[in-house]
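Novice: Top line first, the protein sequences correspond to chains A and S.
Residue 532 is where the first sequence ends in this note's numbering, and the numbering goes up by one at each step.
Residue 645 is where the second sequence ends in this note's numbering, and the numbering goes up by one at each step.
Just so you know, these hints were derived from the structure itself, not from any lab.
Mixed in with the good hints, there may be bad ones.
[To be verified] Only pairs whose alpha carbons sit at most 35 Å apart, straight line, appear in this in silico DSBU-like list of lysine-lysine:
no.	chain 1	residue 1	chain 2	residue 2
1	A	K448	A	K526
2	S	K96	A	K526
3	A	K448	S	K96
Read off the chains here:
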Amino acid sequence: MSPAIAHVAAALLPGAADPTTSFPTPHLDYRALLPMLIVGGVATLGVLVEAFVPRGKRGITQTVLALGGLVAAMVAVVSNTSIRNITAEGAISVDGPTLFIQGTVIAVSIGALLLIADRALASDADFAAQAADVPGSAAEQASVRAGFVHTEVFPLAMFAVAGMLLFPAANDLITMFVGLEVLSLPLYLLAGMARRRRLLSQEAALKYFLLGAFSSAFFVYGMALVYGYAGSVKFADIATALSSSTHGDPLIIVGLALLGIALIFKLSGAPFHWWTPDVYQGAPTPITAFMAAGTKIAAFGALMRVLFVAFGGLSWDWRPIIWGVAIVTMVVGAVIGVTQTDVKRLLAYSSIAHAGFLLTAVGGITVGTADSESSVLFYLVAYGFMTIGAFAIVMLVRDADGEANHLSRWVGLGRRSPLIAGIFAFFLLAFAGLPPTSGLWAKVAVFKAAYEGGAAPLVIVGMLASAVTAYYYVRIIVLMFFQEPAVDGPTVLAPTVFTSAAVVIGVAATLVLGIVPQPLLDLAGKAVPFLR
Amino acid sequence: MTHAALHAAATLTPTMHTTGAFSFTWLLVVIPLTSATVLLLGGRRTNSWGHLLGVAAPVASFVLGLILFAQLIGKPASERSFDNHLFSWTFVGNFKAPANFQIDPLSISFVLLITGVGSLIHVYSVGYMAHDPGRRRFFAYMNLFVSAMLLLVLADNYLALYVGWEGVGLASYLLIGFWYHKPSARTAATKAFVVNRVGDFGLSLAVMLMFATFGSFTFTNVFGAAGSADHATMTAIGLLLLLGACAKSAQVPLQSWLGDAMEGPTPVSALIHAATMVTAGVYLVARSAPIFNVTPTARLAVTVVGAVTLLFGAIIGCAKDDIKKALAASTMSQIGYMMLAVGLGPAGYAFGIAHLLTHGFFKAGLFLGAGSVMHGMNDEVDMRRFGGLGKYMPWTFATFGLGYLAIIGFPGLSGWFTKDAIIEAAYHKGGTSGYLLGSAALVGVVLTAYYMTRVMLMTFFGEKRWAEDAHPHESPEVMKWPMVILAIGSVGLGYLLVLGSRFADFLAPVVGKAEDTAFKPIGLVGILTFVVMLAGIGVAYLQYGRRRVPAVAPVAGPLVVAARHDLLGDAFNESVFMRPGQYLTRLLVFFDYRGIDGFVNGFAAFIGGTSSRFRRVQTGFVRSYALSMFGGAVVLVAALLLVRG
């Protein structure tokens, strides 16, 4: 194999013929990379399916392919649990946190994909028949009449998953940037593909794209500055460079700040959260669920790796900043959420507040202590499952023209369909962190980690913010169960097998982790620390 | 207590791991639980055969219990403790409790009592509840009770014990309120529940305190460390355990619920509120022997509670005309004896438990007899409406009579062996306290003899004072035979247990043993006891045997009136706890409304206002978002540079 590569390299690279400057064969641990390879491969296959499989069979083919790919990737992750390996010439680190986050991303992606498949293939689909049609045009009506289905959502979602798998595993800045873009670009597209309220959806997509591009620019600029300081983009080299000089250079400080901004943008931390409510509201709900759960999980993985592995030596500098960001994020998510009237916007602010709670643990970290890292990992699992479940319920409550997202439409839902309203109430209680849900242990874990890391003020703000968020969750429960239903209330769609499966997975995970959290806490404890 | 005794109690038997039959210990609990589940979930479909399943379950547990007992006594005394490990019940971190069952001499004694007497009462219930539409539900609850009670006594840690403790409380609540169409039954069930909450709270605090102190719930770990722990902590644990025991065992000051609990069907009164559940408090103290052994204060409190209650119950018993309530008061009083005994420490544990076992037999027999009388008299409970029933119900009369002789401590019957032993032990304690406790026990003997003779005379002797439509008749066979078997136990069990200190030796590995446990029937105390007992009988005979019994309760002095009203227990609770509690509640509501709500609402208004102002910043214009992001970035970079200095 290696002579063959050398031969190709010799053909391609002029200088490679000279043995002294020969291009080194990158060492790839294929087994460690398998989950990413599977998902990327399946995404590519999905593109081919679009080209070669007849229109009528694409939906089912794509669904089977994508779900099968995710399950296979999950199996690969599980079989890799003992791997702790930096591979691909130091570009990718497959360690405990990587595997844990990859497993979590794949699990919530399976849930999200079930929702996507459900709403892509239904007769009253949530995705535009032909996204390129001008909203309200004759072409659009023609596409709808022709019954077009955008099965491209599957390969797009799979590419995003591939990005989410690479993002937290990246061990140098270039790879991380590639992961960031691979996960973001498909999401920009997917956000604009709603079938109803298309202008809102396209506006959301454009905003997401513009702001996302803006934040990517921060990342790249930060990367350049860091390279200027350390002479390398590899995390290990950055850490070495930091440890060998006692006095900080503004170059590395500003570089770290810019990188941090891009990452905080991805996980919806304030003051870079502006896109979140608009995009969550405008995007098709299955995509919102996918984004809310998957992106946040991957982004936290990446943030922790950058901060702990590359910039651990600067922890005394970035800790106060993370404190500030955590406080602002919690306050924004909690306070502005109070006056929201749209359920998807409300869940967006809820997700901002959760990002804040997670950041408390990151801010409380003394680099290298296992507790806080594992508490973040546990929180991400709990949060991911409840998010998928909650958005699945949002999809079911519908008016004649699509989802009934305005909260006034949810009044008295508990009387009409007690089961659906009850499950939603359960997820809301989980968001609020009440027993017997996983939300309780998640909050306990991160606050405990933050407190023990010396971030007591953060914990106090977190408690208060938590109380405020509980207000808006409980308000919905009161609305659903203790008020008279409207006469022309929304209908509740009978959930299909796909949606039911996603909801059941969400409920089961939230309840089981609420009652017996210890096994997962142990697992998260075994996954840390990051490989340096 | 002497050093030798302390030492004996401290060197507990090491626990063996299960082999052979002992690995099936868990079945004891699971069999009745399964049956209860089937009956409750099976619904009407199980109506026709539900009661048969309901009887089969405790009988199966009893047979298994016998096998385990036979195995246990086949082992040498030092190896009679077996753990049946099922799984580890882990919550979070090191907050875990093993789900283990433990067979040792103390728990097997209870297993045999619960399943043995329980089986007899289940059989009896087949006849007693034959015409009740809720019979299946009845058996389901009874099975649930048996299961929970077995869990309580088989647990090898305090957490599982607590689960069983709450389980029997639940079953008791359900069965007291079994005839929930009667308002009185509903009230009684609620009362029992509320009073028991007080005790449960005490027990739960004790369990938490143990975990905080020892980091474990298991008997082995707690008892192993009890000797070296802080003395004040151990006293606190002991007193909290006693609070739990007081409620469950209807001891003063938490005694008020037991009389009302007689609203439940009579087999319930016999099984739960006489033979087994109400003795759980005694079990708790005896099981926690290593804790009480190191804290004389808590032990003294136990003896005082026991002595007060034994008099308290006996006085109430003297004035009650309702046959079941008279027996309930008697139960309270007898448990007082047991409490007194176990409060004496190693000198009394074995006697307390022995009295518990014999009491289980004769009191269950008495209740079943009362039930049989009620069955024949259209559910009449007022003894002033009985009279002369001996001739009409010979079997009931005979079995009830043997139970009567046993409870008053007639020489040779089981109560004599076990109760006299307790009185002896109380005097043997020495000092003023020993003298006072012994005398209280002796006064209790007079009262017991008096009120039981009164019950006997008013029910089975004298002229008929029946209601007009009463046609007394002997109960069916299925009710008769359980009474007969219980009567045999009432006669012989004391001899079996106490003579030659068999039972004390058997229990010694668990609760320790005093040096001197030989039974001395013909001592000074024994003779004194016999004499005062005869005096009690005599007084009762003069009052109720020689004279006509009026059909309506006569006007009486203040003490009798108070005794008729449970010595004003309810009035006490109402004036000391309920009314001040209500005032306190109102006061708190006032403060909550004015103070706390004012603050909370103000905060909420502040947040709401801030929220509406802030949400306007979210303009929807991507240009302003980008600008805000840029502003945020500038602040962040500046802050980082500033931090760097």
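Novice: Does each hint hold? Answer for all of them.
Specialist: Results of checking the hints against the structure:
1. A:K448 <-> A:K526: It holds: about 18 Å lies between the C-alpha atoms, which stays within 35 Å.
2. S:K96 <-> A:K526: OK: K96 (chain S) and K526 (chain A) at ~20 Å, within 35 Å.
3. A:K448 <-> S:K96: Roughly 20 Å between the alpha carbons, so the hint for K448 (chain A) and K96 (chain S) holds.
Comparing the model with each numbered hint stated earlier shows that all of them hold.
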